[in-house]
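Trainee: Chains as they are written, first to last, in the working numbering: chain L, 1008 to 1305; chain W, 1008 to 1305.
Don't take each hint at face value.
Remember, identical chains collapse to one label, so a pair may be satisfied in a single copy or spanning two.
Heads up, simulated SDA-like pairs for lysine to any residue below, C-alpha to C-alpha not over 20 Å straight-line [claimed, not checked]:
#: 1; residue 1: 1087; residue 2: 1255
#: 2; residue 1: 1087; residue 2: 1261
#: 3; residue 1: 1087; residue 2: 1172
#: 4; residue 1: 1019; residue 2: 1210
#: 5; residue 1: 1087; residue 2: 1260
Hints in this document: simulated from the structure, not taken from any laboratory.
Number of protein chains: 2
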Amino acid sequence: MPLGAIEAGGTKFVCAVGLPSGELLHQTRIPTSTPQETMERVVAFFRAHQPLAAVGIGSFGPVQLNRDSPRFGFIANTPKIAWRSFNLLGAVQRALEVPVALDTDVNAAALAEARWGAAAGIRTFLYVTVGTGIGGAALVGGIPLHGLTHPEMGHIRIPHDRTLDPFPGICPSHGDCLEGLACGPAIEARWQTPLSMLPGDHPAWTLEAEYLALACVNWMCTLVPERIVLGGGVMQAHLFPLIRARVRDLLNQYLEAPELAGELDRYIAPSPLEGRAGVLGALLLAAQAADSGKLAGG
Amino acid sequence: MPLGAIEAGGTKFVCAVGLPSGELLHQTRIPTSTPQETMERVVAFFRAHQPLAAVGIGSFGPVQLNRDSPRFGFIANTPKIAWRSFNLLGAVQRALEVPVALDTDVNAAALAEARWGAAAGIRTFLYVTVGTGIGGAALVGGIPLHGLTHPEMGHIRIPHDRTLDPFPGICPSHGDCLEGLACGPAIEARWQTPLSMLPGDHPAWTLEAEYLALACVNWMCTLVPERIVLGGGVMQAHLFPLIRARVRDLLNQYLEAPELAGELDRYIAPSPLEGRAGVLGALLLAAQAADSGKLAGG
């Protein structure tokens, strides 16, 4: 029986019906508006393709993933006011009456990278998306790392030399955390230019590579991933060599492993699933829910 | 049959014979000199208490923990030149002919904290020691996190405002990484005063709390541990409230969990095993080696 997959994003919901092999049979994109309007269209899409064995959701966050919480499956303290405290998992489960599995969008994407993408066969790695925000997921021994909450890797603090870069950062919670300095909207605000208008030799990219390299080094010292996969709209091809060179300089040969010798071409890798990792990961979550055969909560 | 435990440190080797319950029957401290001289005394201590079921070692680092490496069990690129490329695991195994398990000193200490200390019953947490260096260990689902290498959490980069703190840092590899700014010798070098001579209201402690709070926030955003246990010679009692207050400010309520409400008194906790965590953790490693009944390598 086919599976349902939802990549629930802040600007659009990508919904698909597919098979555990990763083959997508039907797909649609629904703009994110109010929860009621969005979910009506999401549910209508899946009802047209029933029966489904299960549905998986990779969601924007923060989202409550603690099964012991009465708010398990709820969107938490997001800047998108209409979605705050919305029971996303419950809404899908009640409407479709199938097992539903939920994780963050980045955790879902990391699962897809481990299965079909840049981290195939690797058990402990980091997946980071740099776009309208910055999010990170760690797979440890093949399983997405969940501690007290899901990670919020975009909000680490990194060195910010205000004489070189007086831009104060745009994170509403932290100002100049990594996301505040280096997400797509931060680049556009700093240089007063749309991303697509910044040429490859613009100083914006050297600065961006510096911030992302500092973040990579911090994540490496903390998690020692076997690979770092970087995706998202900001991660254009010319950024990779700049980031790799700065990571080498900043590490200064401190972490010793054959994978860190040389140019880091394989170690810091682009996502070959770009744009599809989220929905493919949601499909894997659905397959897990179908296998476990039990309701994931709600 | 009793177990052998070695906390292999840069200044001393603490050796003990004990039971899986944590009871220590015999204990000795051997100053760290050359590998040959040190190991002769270590081996003589354990020979006097044979038979032993197994020996566990929590070692200073960096140390090669990848079982697939021909240098598994070797001390790696340490500043202590005489110990570079020394086969610590092999030396103990050959001399005592028992199963030997090896991990880093901080990973061993974290295991002891999980069993008998500040993280008893907690599966995913962070143990950090702040002393002559800064080292961190993460237990994820009860197991020490090992990726490409063991973590080197002391070497993350944090914001360093050189107008407020012109001290350049003392890390030979990175200058002003966390360890370079905030380990014990860095504090003493910055203020030209021994740690024990710095009164509790000295500005050294506010600055130290700032750096450690920035590090805690970065580790929290990346690993979302359920608790952070801070130990080591620098972690005097008056530092804890300063660190907790700054972590609250820096997080700005971004991570939502009941454990992070309030004063963080339980979340950022001192180690009740202070000074004994390393050797107790080595005892747990020995128990694992005895249980698995197989040689850990060499």
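Trainee: Next, verify each hint and record whether it holds.
Mentor: Hint-by-hint comparison with the structure:
{"no.": "1", "hint": "1087 with 1255", "in the structure": "neither (38 Å within a copy, 24 Å between copies)"}
{"no.": "2", "hint": "1087 with 1261", "in the structure": "between (41 Å within a copy, 15 Å between copies)"}
{"no.": "3", "hint": "1087 with 1172", "in the structure": "neither (29 Å within a copy, 39 Å between copies)"}
{"no.": "4", "hint": "1019 with 1210", "in the structure": "neither (31 Å within a copy, 50 Å between copies)"}
{"no.": "5", "hint": "1087 with 1260", "in the structure": "between (43 Å within a copy, 17 Å between copies)"}
Consistency with the previously given hints fails for numbers 1, 3, 4, ordered from lowest to highest.
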